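If you're matching them up, the sequences are chains Z and A in order.
Read in our numbering, the first sequence has 218 at position 188, and its numbers run on one by one without any break.
Read in our numbering, the second sequence has 334 at position 304, and its numbers run on one by one without any break.
Derived from the structure by calculation, the hints contain no laboratory data.
Keep in mind it's a predicted model, so treat the numbers as computed, not measured.
Check before you lean on any hint, since a few could be wrong.
Same chains, same names: a pair is fine if it fits in one copy or spans any two.
Keeping only pairs whose Cα atoms sit at most 30 Å apart, straight-line, the calculated DSBU-like set for lysine-lysine is [to be verified]: (1) Lys422 - Lys298; (2) Lys108 - Lys348; (3) Lys108 - Lys386; (4) Lys437 - Lys108; (5) Lys422 - Lys295; (6) Lys348 - Lys295; (7) Lys422 - Lys437; (8) Lys437 - Lys298; (9) Lys298 - Lys431; (10) Lys427 - Lys386; (11) Lys437 - Lys295; (12) Lys298 - Lys108; (13) Lys295 - Lys386; (14) Lys298 - Lys427; (15) Lys427 - Lys437; (16) Lys427 - Lys108; (17) Lys422 - Lys108; (18) Lys427 - Lys295; (19) Lys108 - Lys295; (20) Lys386 - Lys298.
There are 2 protein chains.
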Amino acid sequence: MIPAEVLQMDQDDGLAHKRAAFDLPDNIVYLNGNSLGPLPSSVPARMQSLINDEWGGDLISSWNMHGWIDMPQQVGEKLAPLVGAAAGQVICCDSVSINLFKVLVAALQLRPDRSVVLSQTDNFPTDLYMAQGLESLLGSTRMQLRTVAEQELATSLDNDIAVLYLTQVNFRSGAMHDIASLTRAAHEHGALVIWDLSHSVGVVPLALDEWQVDFAVGCGYKFLNGGPGAPAFIYANASLHDQFQQPLQGWMGHENAFAFEPAYKPAKGMAQFLVGTPNILSLAALDTALDVFADVETTALHNKARALGELFVELVQKEPGLQELVLESPARSEDRGGQLAFSHPQAWSISRALHKEGVMVDYREPNILRFGFSPLILSFEEIWRATHILRKIVEEKAYDKPEFREKLAVT
Amino acid sequence: MIPAEVLQMDQDDGLAHKRAAFDLPDNIVYLNGNSLGPLPSSVPARMQSLINDEWGGDLISSWNMHGWIDMPQQVGEKLAPLVGAAAGQVICCDSVSINLFKVLVAALQLRPDRSVVLSQTDNFPTDLYMAQGLESLLGSTRMQLRTVAEQELATSLDNDIAVLYLTQVNFRSGAMHDIASLTRAAHEHGALVIWDLSHSVGVVPLALDEWQVDFAVGCGYKFLNGGPGAPAFIYANASLHDQFQQPLQGWMGHENAFAFEPAYKPAKGMAQFLVGTPNILSLAALDTALDVFADVETTALHNKARALGELFVELVQKEPGLQELVLESPARSEDRGGQLAFSHPQAWSISRALHKEGVMVDYREPNILRFGFSPLILSFEEIWRATHILRKIVEEKAYDKPEFREKLAVT
Chain Z
31 MIPAEVLQMD
41 QDDGLAHKRA
51 AFDLPDNIVY
61 LNGNSLGPLP
71 SSVPARMQSL
81 INDEWGGDLI
91 SSWNMHGWID
101 MPQQVGEKLA
111 PLVGAAAGQV
121 ICCDSVSINL
131 FKVLVAALQL
141 RPDRSVVLSQ
151 TDNFPTDLYM
161 AQGLESLLGS
171 TRMQLRTVAE
181 QELATSLDND
191 IAVLYLTQVN
201 FRSGAMHDIA
211 SLTRAAHEHG
221 ALVIWDLSHS
231 VGVVPLALDE
241 WQVDFAVGCG
251 YKFLNGGPGA
261 PAFIYANASL
271 HDQFQQPLQG
281 WMGHENAFAF
291 EPAYKPAKGM
301 AQFLVGTPNI
311 LSLAALDTAL
321 DVFADVETTA
331 LHNKARALGE
341 LFVELVQKEP
351 GLQELVLESP
361 ARSEDRGGQL
371 AFSHPQAWSI
381 SRALHKEGVM
391 VDYREPNILR
401 FGFSPLILSF
411 EEIWRATHIL
421 RKIVEEKAYD
431 KPEFREKLAV
441 T
Chain A
31 MIPAEVLQMD
41 QDDGLAHKRA
51 AFDLPDNIVY
61 LNGNSLGPLP
71 SSVPARMQSL
81 INDEWGGDLI
91 SSWNMHGWID
101 MPQQVGEKLA
111 PLVGAAAGQV
121 ICCDSVSINL
131 FKVLVAALQL
141 RPDRSVVLSQ
151 TDNFPTDLYM
161 AQGLESLLGS
171 TRMQLRTVAE
181 QELATSLDND
191 IAVLYLTQVN
201 FRSGAMHDIA
211 SLTRAAHEHG
221 ALVIWDLSHS
231 VGVVPLALDE
241 WQVDFAVGCG
251 YKFLNGGPGA
261 PAFIYANASL
271 HDQFQQPLQG
281 WMGHENAFAF
291 EPAYKPAKGM
301 AQFLVGTPNI
311 LSLAALDTAL
321 DVFADVETTA
331 LHNKARALGE
341 LFVELVQKEP
351 GLQELVLESP
361 ARSEDRGGQL
371 AFSHPQAWSI
381 SRALHKEGVM
391 VDYREPNILR
401 FGFSPLILSF
411 EEIWRATHIL
421 RKIVEEKAYD
431 KPEFREKLAV
441 T
């Protein structure tokens, strides 16, 4: 029996109507919206029209007729309110990883006398890998990645640091940095900041302009629901434009791409971040997916994600049978993004057993169950149902079956 | 009246049945297949299923259930026969531009005592721009781009050259390099080769393994018909694997991405070229588009493209009214890829007037009309119709109208 107060929370949910904007199977509780956002209902028709009418019917003319060539900027501008950016500072292209490389080099150009990139030991691996790749390429006299534990970040800022290079919401624990204060601290030491907003955008209020962030990147396929492998984005503060030249100089970033000049000249503003031909199919899906956010306040998104997470923690922690699940996320919901991590020695098998019962969650090595609280699709009743199923699986050790032990390629 | 010999050519065309594999509007002669390939008829259903059933229905489980995670390799293997590669040497990801950056750095690592990258003055701009960007990043003592005219390439090879860096088929003129002989010459001087096959693949026979090519890249949206901004590909000769580490070290190129380890370890083989999360929507479209090539010999493709081009040149050159059109491509069809260039002082207006009459062609600065001969979709009758319409437009100066002078964003 679902408690009355849970049903009341759904009654009071100002975002409840948004569930209808998505095509989600019945009888699934989707706690993976932080990993792969669900399908917005408006995407299939847009894609059909794009493929059949634009590509199929108007063919190459579509670059002009249907504004394909402007899509990286157009999608960037649609994203801008979600990150708190005035126009002309966000562009959509390539992957988060590739965009990190661009902004790392750009930031280093702005601090030519410094070489240290300061990051966090448990930053998302691709952030670390891309910086390691750049360090190998340039040599450690020009660029050096230094990683410290989260709690040592503020005290590790010194006047050697060229760039503070962080992900706002930790991919495992959901712990959330205060961008405003860390950016201020970095600037006080003459360092620039690069924020990876992959686990923030679409669920956490962001004010990049107000916080005077220098560069940011983010992901299109998590809380933004842009589809598997959707294009990523870059934010660069307008005050820095024209002071750097990103290194992946492709023809789409040229001042005049269709002049086909032999020498590269960077386009003005964000367009210099473009490299190859924009991926129109994926941009169109993300473009349409973003329309769901048009009438939504980002504070409302975070408030609901927090409330869903609080209910989840409460329901887990009050169950005597779930005491083996240890919360690995910050205890206070205001310190978290849109996800929660619990450790359990049998986390993998539990994740598979949950999946079989229609509760889709992530597993992260070595023993983490990760639950994402996408505020556009989830009801409080679903949180109750998910914890109810979780309790049964754990209490009855229903996860302890060979079928739930088998490892998969993607976890 | 269409000449009988033209109709006979269509009768004898062993690829004529392939037109039915594409959704092309009636009454269009599409001479842009070299720029944006048309829509394969099988793509819409695949995309609908991918979007509705996989993304929408199976959600994040699709990474395993529907093999999303393997798509870069899978599409690479489907491409391999088209470039003459044994298995394990082609992978599909990112854009041509970004892939050029990866293989440039990889090739330079293999020749640590050399720094010169030799290219052609009129190589496709993005190839030059990416190399210029790398030169700026590394400094010219580590990497230096040297460009020479096409006819000076062979004599410019010396023992300073680390990499010969060329596009096989010139984007403007369609002039085609002999990969085998230039690769041999480069190797005799101890240089490696990087071939950009963007204007070759899908229309020209390629034998990368046999020619002992070191690295190659190519485009998915031209003759391969993978859709606007389709992912590109990389070929790396198996003999070189494990001897380099490409610099854009993203999590998908890690030996064990889902272990989320803090230190990068490149995956074995081609997988190290992966960077960010694969773009599934675009990969699926290209994957399906490639099925059209399953039963086609690449020599048959080139033979038909040559025959179409020969007929086009013949019909243009015999018309007294078309003498202002100057052939800017090699005279012999065996020296060309799948396209032709003619210059004319009013090329832009002519291209717009042709477009209005249903003949879709490219314009390239400053005065080039570019005609692509996609052998899977074009009939010889269409070539006749296109030149017929071209003659009327040029003879009657029908292009000389204000509406045809207006410039567009994409040309």
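I'd like to know which numbered hints this structure contradicts. Please list them from smallest to largest. Hints 1, 2, 3, 5, 6, 9, 13, 14, 16, 17, 18, 20 contradicted; others consistent.
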